[in-house]
Structure formats: C-alpha cells, structure tokens
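Colleague: Here the protein sequences line up with chains D and H, keeping their order. Quick note: the first sequence uses the working numbering, first residue 1, plus one each step. Quick note: the second sequence uses the working numbering, first residue 1, plus one each step.
No wet-lab data here; the hints were simulated from the structure. If a hint is listed, it holds; no wrong ones were tucked in.
Simulated DEER-style distance windows between Cβ atoms: (1) D:PRO40 / H:ALA75: 30 to 38 angstroms; (2) H:GLY10 / D:GLY16: 39 to 47 angstroms; (3) D:THR77 / H:VAL2: 27 to 35 angstroms; (4) D:ARG18 / H:GLY10: 43 to 51 angstroms; (5) H:SER7 / D:VAL58: 26 to 34 angstroms; (6) H:LYS43 / D:ASP70: 23 to 31 angstroms; (7) H:SER28 / D:GLU81: 29 to 37 angstroms; (8) H:SER17 / D:ALA13: 43 to 51 angstroms.
Since this is a predicted model, take the numbers as computed values, not measurements. Beta carbons are placed, not taken as given, at the ideal position from N, Cα and C, and that holds for glycine.
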Amino acid sequence: DIEMTQSPSSLSASVGDRVTITCQASQDISDFLNWYQQKPGKAPNLLIYNAINLETGVPSRFSGSGSGSDFTLTISTLQPEDFATYYCQQYDNFPPTFGGGTKVEIK
Amino acid sequence: EVQLVESGGGLVQPGGSLRLSCEASGFSFTSFWMSWLRQAPGKGLEWVANIKQDGSAKYYVDSVEGRFSISRDNAKNSLYLQMNSLRVDDTAVYYCARDDARNGPFDSWGQGTLVTVSS
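Just chain D, same shape as in the assembly:
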C-alpha cells in the first residue's frame, strides 16, 4: 500500500495567516492526489482533486500544488471557518489511502 505522510500533524495559526500543509507519498502517484477538510463531528468535504483542481463551491483561498510524490495544500488567508483537520488521499494505486491528517487550530 502507498503510505501518505502529512506534516505537520497540527499547527496553530491566526486569522489572516497563510497556511501550508504538505503531503508526501511513499512512491510516485503522478497527480492522483485529493485534499479533504473535516470539521469536528462532520463528514469530510472534498476541497481539491487531481492535486490542483478546486472542487466546485470551495473558496479560492484554497489551492493545491505538486506532482509525483510531494504535494502542498495552501490556505492563502486563513478564515475562522477554516479551523479543521485536513487530509490528503491518493488514488493512483489500490487501495486508496489517506494521510494521517493535519489539525489547524486557533492561535
């Protein structure tokens, strides 16, 4: 199975900050990488698919980059509603696997 490693596992940031989360795959996955946001007690929500494509309805302050084995999720200007846990997920190889998550907390 492909292992997905996210860093950091948690971070503290203030409203208005620029936030970057990284995700590394244990092998080349091309651009078959998705990002999800999950708020406490809620289901995950797809933010970015195929590494760089913004899902319909997702604010443009979210962006994704990368290919191969190294990927980044960036929130350009952190908003109060962005405090949540973020997960990356690869779907290049079976089975689909997720990173361990990055919890973004209020500083």
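Guided by the hints, dock chain H onto chain D, whose structure is given.
Modeller: Below, chain H without anything else, positioned relative to chain D:
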C-alpha cells in the same frame, strides 16, 4: 442536491453482524462507483470497500476481506455493507461516499453512522 443518508449502526458484540444502509438521492446513482469508508474514534480516515455501477466488481481493504460484503440495489438507489465477524477494531463511524473515478475522489459523503463493537 446530492444526499447520502446512512443507517444501521449500533452496538454489537465481538463476532456479531450488522448491516449498514445508505440511501442516495439527487444524482444518477447508476452512474457512479460507491464506497464505504470509516473513521475510528479520534483517528484518521480509512477506505473500506467499493462497488462498480452495475455491481459487477467489488473491492475491499485487506482487513475486512472475507468478513464484509458490499452490495447495491440500483432500483432503490441504495448501497449496503454487510459486516460479519465484527471485531473491536471495527469500531468506527462508517461513511458512504460517491466515488467519482473508482478509489476517489470521494466528492459527496453521508453524515456517517457509528458502529461500536464491544462486549
């Protein structure tokens, strides 16, 4: 609006069985792969199983192979997960999700149903 509503979770003893259901609406159910995923308390996300549009192909994560069975009824726009020989480490919130391209991206999720395996 896409809606996925899970049901069937609950408390079950180790070795027991449970059947989860997911009712879909707001999209063409027969056009999509569908998946079950789960999240143990305080833990990350794990994909469990998926099924092709016509039910002709089914895939499972190794840890549930032979114990869980995924199925669908396209006439009822419904997805199912039959869980047998349940273990304590199967305890999780189980989500059904629309699977846009087989194995993801999972572009719509239900609210989840909690399965607790405990004696």
